[in-house]
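Participant: Each chain is listed here by its residues.
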Amino acid sequence: MKALAGYLAGLLFGLGLAISGMTDPARVIGFLDVAGAWDPTLIFVLGGAVVTTFIGYRLVWRRQMPLLESRFQLPTRRDLDAHLLGGAALFGIGWGLSGYCPGPAVASLSGLSWPLAAFIVTLIAGWWLARRMNSRH
Amino acid sequence: MESMSALQGLLGGVLIGLSATLLMGLLGRIAGISGILSGLIFDRGGDRSWRVAFLLGIVSGPALLILAGLDWGNVAGDSGAMIGSPASGLTTMLVAGLLVGLGTGLGSGCTSGHGVCGLARLSPRSMAATLVFVLVAMLTVFVARHMLEGSA
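So the sequence lines, in the order shown, correspond to chains U and F.
Remember, my numbering sits 3 above the position in the first sequence when you count from 1.
Remember, my numbering sits 1186 above the position in the second sequence when you count from 1.
No wet-lab data here; the hints were simulated from the structure.
For each residue, glycine too, the CB sits at the ideal point set by N, CA and C.
Pairwise CB distance ranges (calculated): (1) Gly-1231/F - Gly-39/U: 43 to 51 Å; (2) Met-1190/F - Leu-77/U: 33 to 41 Å; (3) Arg-139/U - Glu-1188/F: 46 to 54 Å; (4) Leu-1253/F - Pro-43/U: 26 to 34 Å.
Partner residues are not named here, just some residues of chain F that face chain U (Cβ under 7 Å, in silico): (5) Ser-1191; (6) Thr-1207; (7) Ile-1219; (8) Ala-1249; (9) Leu-1284; (10) Leu-1285; (11) Gly-1291; (12) Ser-1298.
Footprint (simulated), chain U over chain F, 3 or more residues, beta carbon under 8 Å: (13) 1236 to 1245; (14) 1323 to 1335.
Go ahead and model the full structure; you've got the sequences and the hints to work with.
Facilitator: And the structure:
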């Protein structure tokens, strides 16, 4: 049941990315390129996703616990620190250079090309490096 | 075309929001792609089956649309172009992947974890992170496209 839940959530996510055009790096860079021919599509994607999630979360949080698990696992930290802001800045540079954040890159695996494969390999290397740096912190 | 892409963006966004709601309602989890996938790769434990299934789901979403021959989605309006081609060559993509991995690992999230789920939770950390990565990405595109090269 948990695997089925995971698959359905992943499927909806992948469909959402593809239908919104976010699996096309050119579309994402079109949004980030404010000095060029600006493409506002990503605003609609993010807006639709945040509003739906905002309402959806408040509906599911009326229950004491999720249907298939014993508790909701929510981040509790509220402080801003160098790892958060520095990490976000590094991510921003990589996102701007490639037009890929992790979701669209993974959703595009069925159309794998050498540049995308290169991106995925170093993406995983970056996650490994960050885990080492976080555990030393 | 412009209002069409806005409508598709909105529809896609609502589907992503339903995905996040489903994951929270059934498994009590944040739909953060970087956290779900790095956990799948690096964490051991009994928590792996839904992560593998989530990964398969993400990959099969666009693949099913292509197989069904539906020409929704991309700019080209062509089902074969559902998955756009990478914007840069091999070297740039190697560097970009490393920065995205390191940055989302250190910053505890990406566009889905911070940008969608975090903003929906009204988390101050996610608001700050989202503001920083969107502004830095815009600055990066500006420098790369309008200052370093003329071939935009």
